[in-house]
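Enquirer: Below, each chain spelled out in residue letters.
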Amino acid sequence: MIARAPVVVGIGETPLRARSTESEHALGARAIRAALRDAGLAITDVDGVVRFDREATWEFDLPGWGRLPQLGFYDAVPRGNGSAPALLRLAAMAVRQGLASVVVGFHARNAALAAGPGMGDGGLRGELVGPAQFQLPLGVGGVAATSALVFRRYMLRHRAPARALEAVTVAARRRGARNPRALRRTALTAAEYRRSALVADPLRVADVAPTATGAAAFVVTSVERARSRHRPVHVAGSMQAVIPSALQQLPEWFRVDRDRAVSSASREMFRRARLRPGDVDVVLVDDATSPLVLLGLEDHGLCRRGAGATFLAAAGRRVNPHGGQLACGDLDGVGQMLEAVRQLRGDATVQIRGARTALVAGSPLEPTSAVLLRA
Amino acid sequence: MADALPPLPVPGPDNVEFWEGCARHELRIQRCRKCRATRFYPRPACPDCGALEHEWITCSGKGTVYTWTVIHPPTLPAFAAIAPYVAGIIQLEEGVFMVGQIRGVASDAVRAGLPVRVEFDDVVEGIALPHWRAA
Amino acid sequence: MWFGPRVAERDVAVVGIGQTAFSKGLGISEAEVAHRAISAALDDAGLARGDVDGLCLYDIESNTVPEVARLLGLESVRFFATHSHGGGSYCALVRSGVAALREGHARVVVAFRARNRGRRSSFGPTIAQGGRPWEKIAPRIAGHYQYQVPFGIQSPVQEMALIARRHMLDHGTTEDHLGEVAVAIRSHAVRNPNAVMREPMTLADHHASRWVSEPLRLLDCCIETDGGCALVMTTAERARDCPQPPAWVLATAQALGPAHHRPTDWFRHDRRRWVTAGARALWAAAGVRPDDVDAAMVYDHFTPMVLLALEDWGFCGDGESGAFVERGGIRWPDGRLPVNTHGGQLSEAFIHGFNNLLEAVRQIRGTSTCQVPDAKLAFVASAASDPGGAVLLAR
Numbered sequence: 124m125i126a127r128a129p130v131v132v133g134i135g136e137t138p139l140r141a142r143s144t145e146s147e148h149a150l151g152a153r154a155i156r157a158a159l160r161d162a163g164l165a166i167t168d169v170d171g172v173v174r175f176d177r178e179a180t181w182e183f184d185l186p187g188w189g190r191l192p193q194l195g196f197y198d199a200v201p202r203g204n205g206s207a208p209a210l211l212r213l214a215a216m217a218v219r220q221g222l223a224s225v226v227v228g229f230h231a232r233n234a235a236l237a238a239g240p241g242m243g244d245g246g247l248r249g250e251l252v253g254p255a256q257f258q259l260p261l262g263v264g265g266v267a268a269t270s271a272l273v274f275r276r277y278m279l280r281h282r283a284p285a286r287a288l289e290a291v292t293v294a295a296r297r298r299g300a301r302n303p304r305a306l307r308r309t310a311l312t313a314a315e316y317r318r319s320a321l322v323a324d325p326l327r328v329a330d331v332a333p334t335a336t337g338a339a340a341f342v343v344t345s346v347e348r349a350r351s352r353h354r355p356v357h358v359a360g361s362m363q364a365v366i367p368s369a370l371q372q373l374p375e376w377f378r379v380d381r382d383r384a385v386s387s388a389s390r391e392m393f394r395r396a397r398l399r400p401g402d403v404d405v406v407l408v409d410d411a412t413s414p415l416v417l418l419g420l421e422d423h424g425l426c427r428r429g430a431g432a433t434f435l436a437a438a439g440r441r442v443n444p445h446g447g448q449l450a451c452g453d454l455d456g457v458g459q460m461l462e463a464v465r466q467l468r469g470d471a472t473v474q475i476r477g478a479r480t481a482l483v484a485g486s487p488l489e490p491t492s493a494v495l496l497r498a
Numbered sequence: 005m006a007d008a009l010p011p012l013p014v015p016g017p018d019n020v021e022f023w024e025g026c027a028r029h030e031l032r033i034q035r036c037r038k039c040r041a042t043r044f045y046p047r048p049a050c051p052d053c054g055a056l057e058h059e060w061i062t063c064s065g066k067g068t069v070y071t072w073t074v075i076h077p078p079t080l081p082a083f084a085a086i087a088p089y090v091a092g093i094i095q096l097e098e099g100v101f102m103v104g105q106i107r108g109v110a111s112d113a114v115r116a117g118l119p120v121r122v123e124f125d126d127v128v129e130g131i132a133l134p135h136w137r138a139a
Numbered sequence: 025m026w027f028g029p030r031v032a033e034r035d036v037a038v039v040g041i042g043q044t045a046f047s048k049g050l051g052i053s054e055a056e057v058a059h060r061a062i063s064a065a066l067d068d069a070g071l072a073r074g075d076v077d078g079l080c081l082y083d084i085e086s087n088t089v090p091e092v093a094r095l096l097g098l099e100s101v102r103f104f105a106t107h108s109h110g111g112g113s114y115c116a117l118v119r120s121g122v123a124a125l126r127e128g129h130a131r132v133v134v135a136f137r138a139r140n141r142g143r144r145s146s147f148g149p150t151i152a153q154g155g156r157p158w159e160k161i162a163p164r165i166a167g168h169y170q171y172q173v174p175f176g177i178q179s180p181v182q183e184m185a186l187i188a189r190r191h192m193l194d195h196g197t198t199e200d201h202l203g204e205v206a207v208a209i210r211s212h213a214v215r216n217p218n219a220v221m222r223e224p225m226t227l228a229d230h231h232a233s234r235w236v237s238e239p240l241r242l243l244d245c246c247i248e249t250d251g252g253c254a255l256v257m258t259t260a261e262r263a264r265d266c267p268q269p270p271a272w273v274l275a276t277a278q279a280l281g282p283a284h285h286r287p288t289d290w291f292r293h294d295r296r297r298w299v300t301a302g303a304r305a306l307w308a309a310a311g312v313r314p315d316d317v318d319a320a321m322v323y324d325h326f327t328p329m330v331l332l333a334l335e336d337w338g339f340c341g342d343g344e345s346g347a348f349v350e351r352g353g354i355r356w357p358d359g360r361l362p363v364n365t366h367g368g369q370l371s372e373a374f375i376h377g378f379n380n381l382l383e384a385v386r387q388i389r390g391t392s393t394c395q396v397p398d399a400k401l402a403f404v405a406s407a408a409s410d411p412g413g414a415v416l417l418a419r
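Listed in order, the protein sequences are those of chains A, B and C. Under my numbering, think of the first position of the first sequence as 124, with each following residue one higher. Under my numbering, think of the first position of the second sequence as 5, with each following residue one higher. Under my numbering, think of the first position of the third sequence as 25, with each following residue one higher.
Hints in this document: simulated from the structure, not taken from any laboratory. Ideal Cβ positions, reconstructed from N, Cα and C, are used throughout, including at glycine. Be a bit skeptical, because a hint or two may be false.
25 Å max Cα-Cα, derived DMTMM-like pairs, lysine to aspartate or glutamate [said to hold, decoys possible]: (1) B:K66 <-> B:E21; (2) B:K38 <-> A:D168; (3) C:K400 <-> C:D316; (4) B:K66 <-> C:D194; (5) B:K66 <-> B:D112; (6) B:K38 <-> B:D125; (7) B:K66 <-> C:E261; (8) C:K400 <-> C:E261; (9) B:K66 <-> B:D125; (10) B:K38 <-> B:E97; (11) C:K48 <-> C:D75; (12) B:K38 <-> C:D75.
Simulated coverage check for chain C against chain B, where a stretch passes if three residues somewhere in it have a Cβ under 8 Å from a Cβ of chain B [stated by the list, open to error]: (13) 172-181; (14) 227-240; (15) 323-331.
Construct the complete structure from the given sequences, taking the supplied hints into account.
Expert: Here's what the structure looks like:
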């Protein structure tokens with residue numbers, strides 16, 4: 124069997140907003156249609172679908188699904204910032220293995236109007252059955268509190284100052300100010316940052332990405348099939364690593380050697396792609412909160428453990444050039460992939476010149492994933 | 005409880021037109037503006053051509069039984085009082101399929117193609133459910 | 025458009041299977057069920073937890089990916105994927121795992137299903153805590169269920185009944201055909217010490233069982249049980265060192281289908297088109313024909329879906345499944361295609377079809393309690409609904 128080189132040929136999204144009156148179905152449909160248009164393909168060309176498992180729109184909800192000739196591949200990943208890059212991983216796998224020739228991946232989010240396919244939660248709200256029952260009721264919930272606890276250990280371990288976060292956030296906001304698509308479009312001075320309210324010490328409001336409402340989608344096919352007017356973006360490598368979820372089982376996150384699990388999987392990703400961290404021109408690391416940027420850079424070998432802040436200072440705009448989720452809003456991590464594709468097409472708002480290789484890394488707080496893209 | 009409510013729908017941006025129509029005892033469905041296909045249940049994009057542009061039309065309320073079943077206990081409390089009851093898929097004149105109870109006919113006399121007409125149950129303030137009566 | 029799997033090779037195999045006891049109430053959590061099933065499968069494969077680097081599971085598992093990993097001490101998992109559809113997905117888990125192995129994303133993949141749905145297991149009000157999901161319906165429903173539940177179609181058996189009725193109208197399928205499916209599969213369970221329902225069933229017994237949703241009776245429905253099943257897959261290289269004879273994954277397929285959970289859509293689209301495409305892809309990739317199959321494990325949550333699956337995957341023509349099952353067509357040992365030789369979801373246990381995969385492996389190994397002599401090819405599938413899929417295992 125000839126291996127088919129998978130390429131991203133289309134991306135599409137709706138604007139990310141704080142609120143929307145559109146359903147997740149409507150938002151998803153718009154993003155998917157936009158991605159297909161961008162790819163120069165029609166819905167009837169699609170024979171593969173990848174999505175988050177907890178997603179409102181399923182395979183038989185896609186716009187025009189009734190006329191799909193077939194669906195040779197459909198698969199999902201756990202919903203969340205950790206697995207967002209894995210959407211691309213699965214799509215690439217399907218194309219290379221010949222399970223499908225055109226794969227659509229997408230995500231839509233409108234928390235206020237979320238209406239999944241389920242039957243409802245059966246009545247008693249607030250009942251927890253998993254390990255989250257050991258932290259949420261105690262007031263330790265959400266990505267901000269979790270990140271704060273994680274970062275506190277990071278500070279102790281690496282003797283890093285809390286001010287390291289300020290650098291991450293101020294830089295993100297500065298880039299976001301140049302991005303008309305950003306939700307937070309004003310830059311922050313250091314003084315403004317320090318004056319802003321604490322959310323979960325040492326995280327401040329600005330250290331937490333606003334959750335966004337909207338949708339994003341991509342289309343992957345084989346390089347032989349690509350018809351898009353854009354430069355095809357190759358999926359050169361990918362990884363996943365199962366670690367505990369800090370959001371659900373925080374103590375476990377500290378108990379296992381998650382650093383080693385993620386780093387070794389990342390090294391294998393680079394090795395299989397015949398690339399090195401030094402080859403990466405633009406980095407999209409998950410920044411649902413600012414400390415995660417440091418973890419992400421270190422996890423993927425862009426710098427030593429504890430040196431994330433130093434690397435960031437030197438790397439300048441190459442990290443989350445669009446302002447990251449901190450400025451653009453967080454769509455469960457999916458928006459980051461689209462920015463990477465734009466950068467490699469030469470089509471980004473804040474363009475990194477000569478960008479040929481991008482790393483997209485998912486959240487380090489839960490089972491995680493990453494992809495290496497090349498143009 | 006004798007008058008237990010059935011689980012009720014949640015109106016949202018995609019379906020509010022349908023449920024508000026029902027509250028007025030009107031059966032309204034979408035028709036794609038691009039390929040003219042009708043669709044139900046309400047959703048933002050056409051299952052046939054994928055277009056988002058659509059309009060709402062008011063149905064005649066007439067249809068035929070496409071398939072049916074007779075449901076026996078145990079059921080949800082709301083249906084306990086009427087069980088066993090006939091429910092089915094109705095094909096409307098406009099082409100779409102809907103699910104509903106079939107009334108006004110003995111359960112062993114239901115047949116495919118039986119003409120039916122919509123009738124609305126006012127369940128709670130603002131919510132009426134369309135069911136079907138042998139015409 | 026090429027959408028089929030690659031040409032059949034003996035490069036990936038199921039090398040381990042494991043299960044818990046099946047019963048109407050095991051008295052242990054789904055976490056423990058998962059642990060037991062996966063541990064048993066790893067033992068069967070002669071592999072250790074540290075060897076596992078791929079995980080394929082349902083998103084409807086009450087235990088998430090990181091929880092399962094911690095539960096079993098799996099520290100090296102570098103591929104994981106989830107699936108949402110119930111019986112439509114059990115073959116998809118295998119397809120996904122096979123792809124990961126061929127890609128080199130993983131070397132040892134575990135796929136499993138842990139499911140406590142016995143009536144005695146309904147230990148909480150939320151769906152995650154066992155019991156019947158449709159008895160835990162919220163007072164307000166967003167999503168597509170709002171177009172059926174408030175109207176009186178509340179559960180899968182009622183959705184199936186609508187489909188079965190239409191099949192009877194269109195093709196002359198009878199209650200006797202439905203009953204034959206139940207009776208045949210029960211006869212297989214009688215010989216299976218792990219099956220929950222082992223009392224022999226006659227057609228008269230079937231017809232005497234109470235109506236649930238006409239035309240479906242109690243004995244047309246799967247049983248409500250607790251249990252878990254797991255399997256381990258690896259590449260040919262490693263399979264050589266495993267103690268059990270490998271069950272090679274010759275081919276897999278996925279097929280789009282309307283969801284039976286959406287009765288408004290079931291008849292709206294040309295389902296047969298998708299079904300035909302999926303079946304064609306499967307047999308072409310495998311280089312074999314339905315006639316070559318020695319035993320078939322078909323998703324049997326309700327008897328009519330067995331009939332549909334036989335048609336969908338090409339064992340008989342459209343509408344001809346009734347005739348196919350008549351006169352013992354699917355009965356072991358003399359039927360031309362023994363179906364669900366373990367008793368399936370109807371009589372062994374309801375594990376969303378996962379037990380079907382395990383039984384197919386047993387047929388290849390020669391260890392089934394209803395063993396088809398010299399079985400070389402075992403077929404596993406769900407009807408093309410939900411969407412569906414299929415797996416072909418070979419010796």
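Enquirer: State for each hint whether it applies.
Expert: The hints, checked one at a time:
| no. | hint | verdict |
| --- | --- | --- |
| 1 | B:K66 <-> B:E21 | 19 Å, holds |
| 2 | B:K38 <-> A:D168 | 19 Å, holds |
| 3 | C:K400 <-> C:D316 | 9 Å, holds |
| 4 | B:K66 <-> C:D194 | 23 Å, holds |
| 5 | B:K66 <-> B:D112 | 22 Å, holds |
| 6 | B:K38 <-> B:D125 | 34 Å, violated |
| 7 | B:K66 <-> C:E261 | 64 Å, violated |
| 8 | C:K400 <-> C:E261 | 21 Å, holds |
| 9 | B:K66 <-> B:D125 | 16 Å, holds |
| 10 | B:K38 <-> B:E97 | 20 Å, holds |
| 11 | C:K48 <-> C:D75 | 33 Å, violated |
| 12 | B:K38 <-> C:D75 | 54 Å, violated |
| 13 | 172-181 | holds (count 7) |
| 14 | 227-240 | holds (count 7) |
| 15 | 323-331 | violated (count 0) |
Of the numbered hints given earlier, the model fails hints 6, 7, 11, 12, 15; all others are met.
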